[in-house]
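Here is what each chain is made of, one letter per residue.
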Amino acid sequence: MDIWNILEYAAWALSALFGALMLIDLLKVDTTYDNDLLTSSREGEIEATAERHTI
Amino acid sequence: MAYKPPKQSLAGQIFDVFVLLVLTVGALYIPLYMGLAGAAKTPQPIANPTWEALGQNATEQQQWAALGITDPAAASDIITARFDYSFSWVALIVMAVFVIGYFVMVVRLSDKEYREVIEERFGPKR
Amino acid sequence: MANVTSTAAPERLQLLRVLGPAHVWALGVGIVLVGEYMGWNFSVGKGGMIAGLVACWVAGLLYTCVAMIDSEVTSTVAAAGGQYAQAKHIVGPLMAFNVGLFLVMAYTMLEAANAITVGFLLDTVAGMLGHSGLNQKPFIILAVMFLAWLNYRGVLATLTFNLVITAIAFVSIIVLFISVQFGGSAVPLDFSAITSDPLPYGWVGIVAALHFGLWYYLGIEGTCQAAEEVRSPARSLPYGTMAGIMTLLIAATLTWYVCSGLIPWEYLGQAGTPLFDAARVTGSTGLMMLLFVGTTFATLASANGCINDASRAWFSMGRDRYLPSWFGAVHPTYRTPYRSIVFLVPIALIFALGAPLDQVVTFSILSGLLGYTFMTFNMVMFRKKWPLDSIKRGYVHPFHPIPALLLLVLCATAYVAVFLGYGTQLIAMMCFYIVASLWFHFWRYRFVKRGDQFTMPWPRPNGY
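Protein chains in written order, with the numbering used here: chain Y, 2 to 56; chain G, 4 to 129; chain E, 247 to 710.
Treat the hints with care, as some may be off.
What the hints assert, rightly or not - Result set (DMTMM-like, lysine to aspartate or glutamate): computed pairs, CA atoms no more than 25 Å apart in a straight line:
| hint | chain 1 | residue 1 | chain 2 | residue 2 |
| --- | --- | --- | --- | --- |
| 1 | E | 695 | G | 19 |
| 2 | E | 695 | G | 87 |
| 3 | G | 44 | G | 87 |
| 4 | E | 638 | G | 123 |
| 5 | E | 638 | Y | 46 |
| 6 | G | 128 | G | 114 |
| 7 | G | 10 | E | 698 |
| 8 | G | 10 | G | 87 |
| 9 | G | 7 | G | 122 |
| 10 | G | 10 | Y | 35 |
| 11 | E | 638 | G | 87 |
| 12 | E | 695 | G | 80 |
| 13 | G | 7 | Y | 35 |
| 14 | G | 10 | G | 123 |
| 15 | E | 383 | E | 369 |
| 16 | G | 10 | E | 257 |
| 17 | G | 128 | E | 635 |
| 18 | E | 638 | G | 19 |
| 19 | G | 7 | G | 119 |
Claimed, not checked - Ranges of calculated distance between the beta carbons of each label pair, as one might list FRET restraints:
| hint | chain 1 | residue 1 | chain 2 | residue 2 | range |
| --- | --- | --- | --- | --- | --- |
| 20 | E | 638 | Y | 13 | 52 to 60 Å |
| 21 | E | 539 | G | 68 | 21 to 29 Å |
| 22 | Y | 35 | E | 685 | 28 to 36 Å |
| 23 | G | 94 | E | 600 | 24 to 32 Å |
Unchecked claim - If the Cβ cut is set under 10 Å, some of the chain E residues that face chain Y in the computed set are:
| hint | residue |
| --- | --- |
| 24 | 264 |
| 25 | 322 |
| 26 | 392 |
| 27 | 400 |
| 28 | 440 |
| 29 | 442 |
| 30 | 516 |
| 31 | 566 |
| 32 | 575 |
| 33 | 637 |
| 34 | 700 |
No wet-lab data here; the hints were simulated from the structure. Note that beta-carbon positions come from the ideal geometry of N, C-alpha and C, so glycine has one too.
The shape of chain Y in the complex, shown without the other chains:
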């Protein structure tokens, strides 16, 4: 059991932590907000407002 073994365990633990943080937040957001709102993003919003590409 040297420093590298400890690092291995630390890496496992941190991986689990980051994974859990993401999953918990994902579940929280998906249950709090309406799916129609979450998927309301549309391509071309910038063009519709700021950059019309007209000469």
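Given the coordinates of chain Y, assemble chains G and E onto it according to the supplied hints.
Quick look at chains G and E alone, frame taken from chain Y:
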């Protein structure tokens, strides 16, 4: 008349993603399982390797030493290894047909779909 | 409306537009710079020292064309899907689906390759410090998880992080070059192999070398994926992309020079970490430390950029229902495509933990190459359907159609280069894309709304 896509069930959505995944993993692993993957170098060892016989000058010998290799015999395999670039023209043509055929197919089918999109967006062709 | 950051949920969720040209540079160069730290040197192995340099510059030319073409189109089609959205507007839906797959494959595979490299590096260092048999898996998983989490939490922090570590990795190469040039190395530079053994494989070696010459620059086109998140896409994207390709041309040439001078080409051709090895040859502990840090940072920056780009492409396809629309979601607080980011984590891990490195990298290179081939006719069609006087472009590249034609010739050469040694993979991958295309055309496309796919405020294309 705008095209109305059918609603896809959740199971159908999951299945579609699954199909793509299987295709991807298959493309990656099938060449591996068939043992067809990768190009290998083969060493062509020479008898009694010395630095001189291997064509390494004084500076290069110093560099080998700095990389932790002081024995010319140990470096011999690395130095004499060569790729084999002999290939068959038939295989090259098969490859060319695959790549060109693929792009032709995709562009032609795309064009068919694209005309529909333009017509729905801008109205019938003038 | 672009900068809505209040906690009250707005009516429409959009990706957050906060990035400047420096972030675009960091995204482009960050993904690519790892190629200078490892991988490019196999081109020296495939054709010798001169072939390595020729490949470096020929590939540089190829990517300059890519950068010019991409800058023009993407400064006009500012969408998160990048080349995917370009294809959708210019060539058609099936091409767009394929381009989307190229992007996701190229970046996810590259991300996996980077994670594998992180594990390999740590194993090497542990070995040098007297611990053999390090379990690489937790470190591979940690690298992917941490970067995915960073991406999940917001694009500004992600790319600012990328800017810092990419800059450090780039400066490391410069420092190594300067120290070696001014006698900081215990062993002198030696280029005698150029005269004594110029082309060990003859001219075919130069063609073969091009395969790995692409590694110097592979991924610079990823700047396009930031389009929906930069403050002023028409200005920042061309600027960041062009600055990126210039940085890479400098870094690539310096890398070739230092490594070829310090390492016998036979060793260089099969080395795992060439710049780190060059630092070892100099005998300076300081340089060794610096280049170790540089290698690690370059790898992480690349994986980070890949997660960013792959998730944007996946997200865009979900938004258009090319994939289940579930993926087209934006996080209400962080404004990132969070579902796509999370979904791609296990995919990257399957490849990182299960497949050998050269397989993964070849798949990535080939997907990239197919994407560049697409750019050639995409550019020609773009100018044809919308001539210069029909819509305003943020940037117009010079000498059209020479860059497009040159790119096509170079792509054809690169296919032959890949064919020399990796022909089976090429065929396997073509089969994959053909089957996927048929699946999309005959099944998946029925779920896509037709007219809604065309989102740009452009006039009707010429000839349609």
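Hints and how they fare:
no.: 1; hint: E:695 x G:19; verdict: holds, 17 Å
no.: 2; hint: E:695 x G:87; verdict: violated, 51 Å
no.: 3; hint: G:44 x G:87; verdict: holds, 7 Å
no.: 4; hint: E:638 x G:123; verdict: holds, 24 Å
no.: 5; hint: E:638 x Y:46; verdict: holds, 17 Å
no.: 6; hint: G:128 x G:114; verdict: holds, 15 Å
no.: 7; hint: G:10 x E:698; verdict: holds, 16 Å
no.: 8; hint: G:10 x G:87; verdict: violated, 54 Å
no.: 9; hint: G:7 x G:122; verdict: holds, 15 Å
no.: 10; hint: G:10 x Y:35; verdict: holds, 18 Å
no.: 11; hint: E:638 x G:87; verdict: violated, 51 Å
no.: 12; hint: E:695 x G:80; verdict: violated, 60 Å
no.: 13; hint: G:7 x Y:35; verdict: holds, 23 Å
no.: 14; hint: G:10 x G:123; verdict: holds, 20 Å
no.: 15; hint: E:383 x E:369; verdict: holds, 11 Å
no.: 16; hint: G:10 x E:257; verdict: holds, 24 Å
no.: 17; hint: G:128 x E:635; verdict: holds, 22 Å
no.: 18; hint: E:638 x G:19; verdict: violated, 39 Å
no.: 19; hint: G:7 x G:119; verdict: holds, 13 Å
no.: 20; hint: E:638 x Y:13: 52 to 60 Å; verdict: holds, 53 Å
no.: 21; hint: E:539 x G:68: 21 to 29 Å; verdict: holds, 25 Å
no.: 22; hint: Y:35 x E:685: 28 to 36 Å; verdict: holds, 31 Å
no.: 23; hint: G:94 x E:600: 24 to 32 Å; verdict: holds, 28 Å
no.: 24; hint: 264; verdict: violated, 13 Å
no.: 25; hint: 322; verdict: holds, 6 Å
no.: 26; hint: 392; verdict: holds, 5 Å
no.: 27; hint: 400; verdict: violated, 12 Å
no.: 28; hint: 440; verdict: violated, 42 Å
no.: 29; hint: 442; verdict: violated, 44 Å
no.: 30; hint: 516; verdict: violated, 27 Å
no.: 31; hint: 566; verdict: holds, 7 Å
no.: 32; hint: 575; verdict: holds, 4 Å
no.: 33; hint: 637; verdict: holds, 4 Å
no.: 34; hint: 700; verdict: holds, 9 Å
Consistency note: the structure conflicts with the earlier hints numbered 2, 8, 11, 12, 18, 24, 27, 28, 29 and 30.
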